[in-house]
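Asker: Sequence:
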Amino acid sequence: MRPRPTAAPGRVLSWTLYDFASTVFSVSILSYFFPLWLADELGAGADLFNYITAASMVLVFLTAPLLGALADLGQRRKPYLAASTLLAVGCTAGLELSGSLAAAVALFVAGNLGYQWAQIFYNALLPGVAPGRSTGRVSGYGGVAGYAGTIVALAALTPLVTHPEAVRSALGPLGFWLETEGATNSNAFLPTAALYLIFGLPALLWVPDRAAREPRPAGLVRGYREVLHTIRGLRGYAGMGAFMLSTVLYMDVSNTVVANMALYGREVFGMEQADIRNLLLLSTVFAAAGAAGFGLVADLLGPKRTLMAVLGLWLAAIAAVAAATEAWMLLLAGPLVGVVFGATGPVSRVLLIALSPPAKLGEFFGFYALAGRFSAATGPALTGLILTAFEPLGTGAYRLAVLSLAAATVLAMAVLARVPDRRPPEPAWNPAAEGGG
84 MRPRPTAAPG
94 RVLSWTLYDF
104 ASTVFSVSIL
114 SYFFPLWLAD
124 ELGAGADLFN
134 YITAASMVLV
144 FLTAPLLGAL
154 ADLGQRRKPY
164 LAASTLLAVG
174 CTAGLELSGS
184 LAAAVALFVA
194 GNLGYQWAQI
204 FYNALLPGVA
214 PGRSTGRVSG
224 YGGVAGYAGT
234 IVALAALTPL
244 VTHPEAVRSA
254 LGPLGFWLET
264 EGATNSNAFL
274 PTAALYLIFG
284 LPALLWVPDR
294 AAREPRPAGL
304 VRGYREVLHT
314 IRGLRGYAGM
324 GAFMLSTVLY
334 MDVSNTVVAN
344 MALYGREVFG
354 MEQADIRNLL
364 LLSTVFAAAG
374 AAGFGLVADL
384 LGPKRTLMAV
394 LGLWLAAIAA
404 VAAATEAWML
414 LLAGPLVGVV
424 FGATGPVSRV
434 LLIALSPPAK
444 LGEFFGFYAL
454 AGRFSAATGP
464 ALTGLILTAF
474 EPLGTGAYRL
484 AVLSLAAATV
494 LAMAVLARVP
504 DRRPPEPAWN
514 PAAEGGG
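Numbering (our numbering), first residue to last: 84 to 520.
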């Protein structure tokens, strides 16, 4: 009997460190420092942040499948990963220099594009790192590394915002760029860019970029033709259409929670910035546990059944958040939100790998990004509309926005039931036996 392929530890570490790097960007720019900076220092409301998030996701929606198809045609993903990473890093650093609301919005939209594009190619590299029955475990490791990135970001970057004078004094001449008055949330932007670049480099250098077939000439016209060809033949990929529709629905929940957690704590419960940080840290610890635990469960029970269980827990988490009447109750609901949020991404990418032909992973991860980012556009946009329409209700508007997520979760479970129960294939090659980790 041929031995089962195993994951090479060095390559696993390099791949998971990218999740660490990109999550520093996510928590700093998408969840915490940028939204608060936009509101507190530039005078924009929560509705504007949701609208510009939605606008950037529309652009991802229009471009993700094409970029995935181009990468698959050439059977090269790492050049696209490198370019996307540098775009996100550059725009994040540029926020430090932006002096107007218009510039900040433009840099946020472009930086979020780079970050979202990078996820396509990063995810498509997973089978070259973790074959077959190890896919869920390693996908979970990536989730754990990501939430470690959240903890590091909050622990390392928050003092730059809350105690800039002390940090600037401690750094001496190296702290010349720190603002000590006014727009102190912007102090997080340059370190975010640096951490993203430093911890993203190992994946660009040492993760294998394996070809599943011979490369073909790539170009925009050929890329669009490939996307159209895949769309027309989508029924030939059993369960893929249902999986993508389900993804639209349950990622609506996940993306909306990420974009609004800090604002929900402040607007509904009047939480101070330190309390919001503690809520995010508590949720993140449990998110890491959810990623690792459900990654192992996906290898044992299969990704479909595991994802159904995760969506059931999402319903419980939504109910707990909506029912909270005091800040301490939100802190109790935070761990459950963290567990299910942490589990959603790692289990989803395992199921996609199980459903997708190896030669089309980039394209299908592009469609996965399209599905998820379409929901990331509609979710925040719907939240913004609810907040605007029901503004006279005060904090009740936020509760209505949370409750709207329950319906999306129920529909996602109904659609996911139509997806076949498959597992990632076992390849003929063994990463651990090839050297390099």
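One or more of the hints may lead you astray.
The calculated label-pair distances, taken between Cβ atoms and stated as ranges, are [unchecked claim]:
1. I314 - R293: 23 to 31 Å
2. L284 - A406: 42 to 50 Å
3. R296 - E248: 33 to 41 Å
4. D504 - I314: 21 to 29 Å
5. L145 - A249: 14 to 22 Å
Hints were generated in silico from the structure; no laboratory data involved. This one's a predicted model, so the numbers in the text were calculated from it and none came from an experiment. Every residue, glycine too, gets a C-beta built ideally from N, C-alpha and C.
Asker: A separate judgement is required for each hint: does it hold in the structure or not?
Answerer: Hint-by-hint comparison with the structure:
Our hint of 23 to 31 Å for I314 and R293 holds, since their Cβ atoms are close to 26 Å apart. Checked against the given bound of 42 to 50 Å, the beta carbons of L284 and A406, roughly 44 Å apart, stay inside it. Checked against the given bound of 33 to 41 Å, the beta carbons of R296 and E248, roughly 58 Å apart, lie outside it. Checked against the hint of 21 to 29 Å, the C-beta distance between D504 and I314 comes to roughly 25 Å, which is consistent with it.
Distance hint for L145 and A249: a CB-CB separation of about 45 Å, inconsistent with the stated range 14 to 22 Å.
Checked against the numbered hints above, the structure violates hints 3, 5; every other hint is satisfied.
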